[in-house]
Amino acid sequence: TSEPITEGLVSLLEPFIDTVVICTMTALVIVITGQLMLDPATGQYLTEGGKIQTIGDTSGVGLTSAAFASAFSWFPYLLAFAVILFAFSTMISWSYYGLKAWTYLFGEGKTAELVFKLMFCLFVVIGAAANLGPVIDFSDAAIFAMAVVNITGLYFLMPIVKRELDSFMERIRSGEIRKFKD
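Going by the working numbering, the letters in the sequence shown line up with residues 48 to 229, in that order.
Just so you know, not all the hints are guaranteed correct.
Stated by the list, open to error - DEER-style ranges, computed between Cβ atoms:
{"#": "1", "residue 1": "LYS98", "residue 2": "VAL162", "range": "26 to 34 Å"}
{"#": "2", "residue 1": "ALA175", "residue 2": "LEU83", "range": "27 to 35 Å"}
{"#": "3", "residue 1": "SER186", "residue 2": "THR150", "range": "19 to 27 Å"}
What the hints assert, rightly or not - Here are the simulated lysine to any residue pairs, SDA-like style, with alpha carbons at most 25 Å apart:
{"#": "4", "residue 1": "LYS147", "residue 2": "LEU110"}
{"#": "5", "residue 1": "LYS147", "residue 2": "PRO62"}
{"#": "6", "residue 1": "LYS209", "residue 2": "GLU223"}
{"#": "7", "residue 1": "LYS98", "residue 2": "GLY180"}
{"#": "8", "residue 1": "LYS147", "residue 2": "MET193"}
{"#": "9", "residue 1": "LYS157", "residue 2": "LEU146"}
{"#": "10", "residue 1": "LYS209", "residue 2": "GLY222"}
{"#": "11", "residue 1": "LYS164", "residue 2": "TRP141"}
{"#": "12", "residue 1": "LYS164", "residue 2": "VAL196"}
{"#": "13", "residue 1": "LYS147", "residue 2": "VAL171"}
{"#": "14", "residue 1": "LYS147", "residue 2": "LYS157"}
I should point out that these hints are in silico values taken from the structure, not numbers from a laboratory.
A virtual CB, placed ideally from N, CA and C, is assigned to each residue, including glycine.
Please construct the entire structure, taking both the sequences and the accompanying hints into account.
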């Protein structure tokens, strides 16, 4: 598209659907299906070490799977398939983002790209073989470092983005940009 503002507006939709809709629905299913342990005397959730106790001491995908399985016996298979697709698509997208960042830092060329691809494959194997905790900690630290740089850049670009958004909205109001095509 020739309008960066439309790209920004569309890109707001995915985090909303993922975070607000999907996560809220998943949390509601976990709560409604009774996967969280309650104290019969008080009716409050049981906690240990600041963590709510669950039936079977499950968490994450296992907890989600157990919650949905209580209503649909076939759902764990669907969830396993979805998790595999999510993991695969995440690896593809992060390899692409990483390669773009790598070529921005070190220049384009077959050698630079090959070095990145080999390093990426090596780290995929190391990450798959390592304990999950340190892998998640490392990825969280890397994402935080990228976020700091990007948020700082966004702060300084804010006046330009605001000006472009105002211009775009004014062109929509004036009819210069139509909301839909005939």
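Hint check results:
no. : hint                        : result
1   : LYS98 x VAL162: 26 to 34 Å  : violated, 42 Å
2   : ALA175 x LEU83: 27 to 35 Å  : holds, 31 Å
3   : SER186 x THR150: 19 to 27 Å : holds, 21 Å
4   : LYS147 x LEU110             : violated, 36 Å
5   : LYS147 x PRO62              : holds, 22 Å
6   : LYS209 x GLU223             : holds, 19 Å
7   : LYS98 x GLY180              : holds, 17 Å
8   : LYS147 x MET193             : holds, 14 Å
9   : LYS157 x LEU146             : holds, 12 Å
10  : LYS209 x GLY222             : holds, 20 Å
11  : LYS164 x TRP141             : holds, 12 Å
12  : LYS164 x VAL196             : holds, 24 Å
13  : LYS147 x VAL171             : holds, 18 Å
14  : LYS147 x LYS157             : holds, 13 Å
In the structure shown, a violation is registered for the earlier hints numbered 1 and 4, in ascending order.
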